[in-house]
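Heads up: the protein sequence lines correspond to chains A and B, in order.
First residue of the first sequence? That's 2 in the numbering used here, and the numbers climb one at a time after it.
First residue of the second sequence? That's 139 in the numbering used here, and the numbers climb one at a time after it.
These are computed hints drawn from the structure, not numbers from a lab.
Careful: at least some of the hints might be erroneous.
Said to hold, decoys possible - No farther apart than 25 Å at their CA atoms in a straight line, the calculated lysine to aspartate or glutamate pairs in the DMTMM-like style are these:
1) A/Lys43 x B/Asp223
2) A/Lys15 x A/Glu103
3) B/Lys180 x A/Asp28
4) B/Lys207 x A/Glu103
Stated by the list, open to error - Interface residues of chain A toward chain B, partial, derived using beta-carbon atoms under 10 Å:
5) Gln7
6) Val20
7) Lys42
These numbers were taken from a predicted model, which means no experiment stands behind them.
Heads up, the beta-carbon is just placed ideally off N, CA and C, and yes, glycines get one too.
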Amino acid sequence: GAVVSQHPSRVICKSGTSVKIECRSLDFQATTMFWYRQFPKKSLMLMATSNEGSKATYEQGVEKDKFLINHASLTLSTLTVTSAHPEDSSFYICSARVGPDEAFFGQGTRLTVV
Amino acid sequence: AQSVTQLDSHVSVSEGTPVLLRCNYSSSYSPSLFWYVQHPNKGLQLLLKYTSAATLVKGINGFEAEFKKSETSFHLTKPSAHMSDAAEYFCVVSDLASGYSTLTFGKGTMLLVSP
């Protein structure tokens, strides 16, 4: 099946710094990728939809200047958490659309801001 | 608008006994339905999906789910639980009402398996 690779799996950063998370589709081209955030013991919350070659579409309440998304190629989307704060600590998961209504998910990134 | 309700936040079973994880959905269109499993600090793995073909869907690791339109349900079952099944399970609905599929996640059910 399709493989989505997310890197890093864990990252610890200092408050005020920026962190980049990569999401790659390894054996297929993904014109659309999705970024989710998962709070402890909660479901996944869609943050934004990333379309190759165009600006990402952000969900209501998600700060686009804080969560920068770039989808420069058909196999790579990146999420940069800028000026990270402890409240940004969370589990971030990307997924890539395969077919009209199916998606494969990355392994997730545990971000801890200290 | 579409929505998903997972009726149980936690389900506890003994190893070797049947598993039932309940899911109800609402959708204004003909939905596709999925079950995903998430182990701690891991991404999501697709267990199975329903996309308007057979109503009884068989997935990986012995799981299956039955789509019941009259009950708007898509419950996940397994005849005999293994310790390795302990994880969080998400029911997900997707529809193409606007030509653009969006995934809506249930809140998840934590499956606990005891020896």
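Structure-based check of all given hints:
With a C-alpha separation of about 19 Å, the suggested pairing of A/Lys43 with B/Asp223 holds against the 25 Å cut-off. Restraint check: the Cα-Cα separation between A/Lys15 and A/Glu103 comes to about 36 Å, which exceeds 25 Å; the hinted pair is violated. Note on B/Lys180 and A/Asp28: the hinted pairing holds, with a Cα-Cα distance of about 20 Å set against a maximum of 25 Å. Between B/Lys207 and A/Glu103, the direct Cα distance comes to roughly 20 Å. Compliance with the 25 Å bound is thereby established for this hinted pair.
At its closest, the beta carbon of A/Gln7 sits 7 Å from a beta carbon of chain B; the interface hint therefore holds under the 10 Å criterion. Interface hint at A/Val20: violated, since its Cβ lies 17 Å from the closest Cβ of chain B, which is beyond the 10 Å cut-off. About 8 Å separates the beta-carbon of A/Lys42 from the nearest beta-carbon of chain B, less than 10 Å, and the hint is met.
Consistency note: the structure conflicts with the earlier hints numbered 2 and 6.
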